[in-house]
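There are 2 protein chains.
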Amino acid sequence: MKKLEEKTIDSEVIYSGKIIDLHLEQVELPNGKTSQREVVKHPGAVAVLAVTPENKIVLVRQYRKPLNREIIEIPAGKLEKGEDPEVCALRELEEETGYRSTKLTYLQSFYTSPGFADELIHIYYTDQLEQGKVQLDQDEFVERMEVTLEEAIELVKSQDIFDAKTAFAIQYLQLKEDRS
Amino acid sequence: MKKLEEKTIDSEVIYSGKIIDLHLEQVELPNGKTSQREVVKHPGAVAVLAVTPENKIVLVRQYRKPLNREIIEIPAGKLEKGEDPEVCALRELEEETGYRSTKLTYLQSFYTSPGFADELIHIYYTDQLEQGKVQLDQDEFVERMEVTLEEAIELVKSQDIFDAKTAFAIQYLQLKEDRS
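Which chain is which? The protein sequence lines are A and B, in order.
Position one of the first sequence corresponds to residue 1 (the numbering used here), numbered consecutively onward.
Position one of the second sequence corresponds to residue 1 (the numbering used here), numbered consecutively onward.
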């Protein structure tokens, strides 16, 4: 298994930003040749699949500058330095939606774009919600929505739900419903 | 719905690379204030969930420099400029696994990291495979694997399968099996 490894020969910081850094790495390939790898460093993220007592999914509509459009996603946010993912998930859920969870269940973690970025996202589930308080960041503008699973599936088809973590979350609920 | 939009005031190219570009965008927020957005530009990607006549999933083990480790993924690759995603999917499947598909079904597309990147990935399914020819890029080293759905679920648990597109693909197969 060792033979697939790419050893770092040199690493240059191209950009160090507010959310991401960009490194350019010179690597030695398994065949001894060298190549360059562009690597985006990201602090990691959390997302919460939250279901209300009325069996509706809590979503947020948000303008995403990289896409130059709004999409609808499960509540999510970046990890602060050293922050526990579960603490972050509880915080982001309340800040973005005004819901406080009294019981969060860890579902799964995955890298979002392993070809060029190290962003790892941790996905949680909750159906235990109580009223909290919306508190958005200064440069954050989101609208809360609550939809049924059937409506969420329609939002996938219309490409209003159009991101990996939310697509995963919808499938998770479909599997859960099938098996209940 | 217009009120969530972030208008670009200024855009600076920080880096223009082999696979990604990095832009720093000055935006006007919905409240009239300004902020900065770091945006990674990516050409987009495809991935193929391929199932053999023996009902095994075709996977590739690959070293991912951003993660500094190997992970196991469904075959995937970047779109060439102007390339049709289905053509790209057929090409990448054969190049990485040696399987040629005679019938590809489009499943879904999603953004992988809408907070900082515009990478859009298109996921295809096939269970119609014939023998083709492995032909890797000069700096690409992958190992083909074929596993049952049960084995794939174990690889998710052990975090050998550890990325968004492959997690989605495994769930897709679970749903398909549940409903058949």
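Quick caveat, the hints were computed from the structure, so don't treat them as lab data.
Check the hints yourself; a few may be wrong.
Where chains are identical, the list cannot tell them apart; a pair therefore holds if satisfied intra-copy or between any two copies.
[What the hints assert, rightly or not] Calculated lysine-lysine pairs in the PhoX-like style (CA-CA distance at most 25 Å, straight line):
(1) K18 - K7
(2) K7 - K157
(3) K176 - K56
(4) K157 - K78
(5) K157 - K133
(6) K176 - K3
(7) K176 - K33
(8) K176 - K157
(9) K81 - K176
Here is how each hint holds up against the structure:
| no. | hint | in the structure |
| --- | --- | --- |
| 1 | K18 - K7 | between (28 Å within a copy, 19 Å between copies) |
| 2 | K7 - K157 | neither (42 Å within a copy, 27 Å between copies) |
| 3 | K176 - K56 | both (14 Å within a copy, 24 Å between copies) |
| 4 | K157 - K78 | between (27 Å within a copy, 23 Å between copies) |
| 5 | K157 - K133 | neither (32 Å within a copy, 35 Å between copies) |
| 6 | K176 - K3 | neither (40 Å within a copy, 36 Å between copies) |
| 7 | K176 - K33 | neither (48 Å within a copy, 43 Å between copies) |
| 8 | K176 - K157 | both (20 Å within a copy, 18 Å between copies) |
| 9 | K81 - K176 | neither (33 Å within a copy, 40 Å between copies) |
The earlier numbered hints that this structure contradicts are 2, 5, 6, 7, 9.
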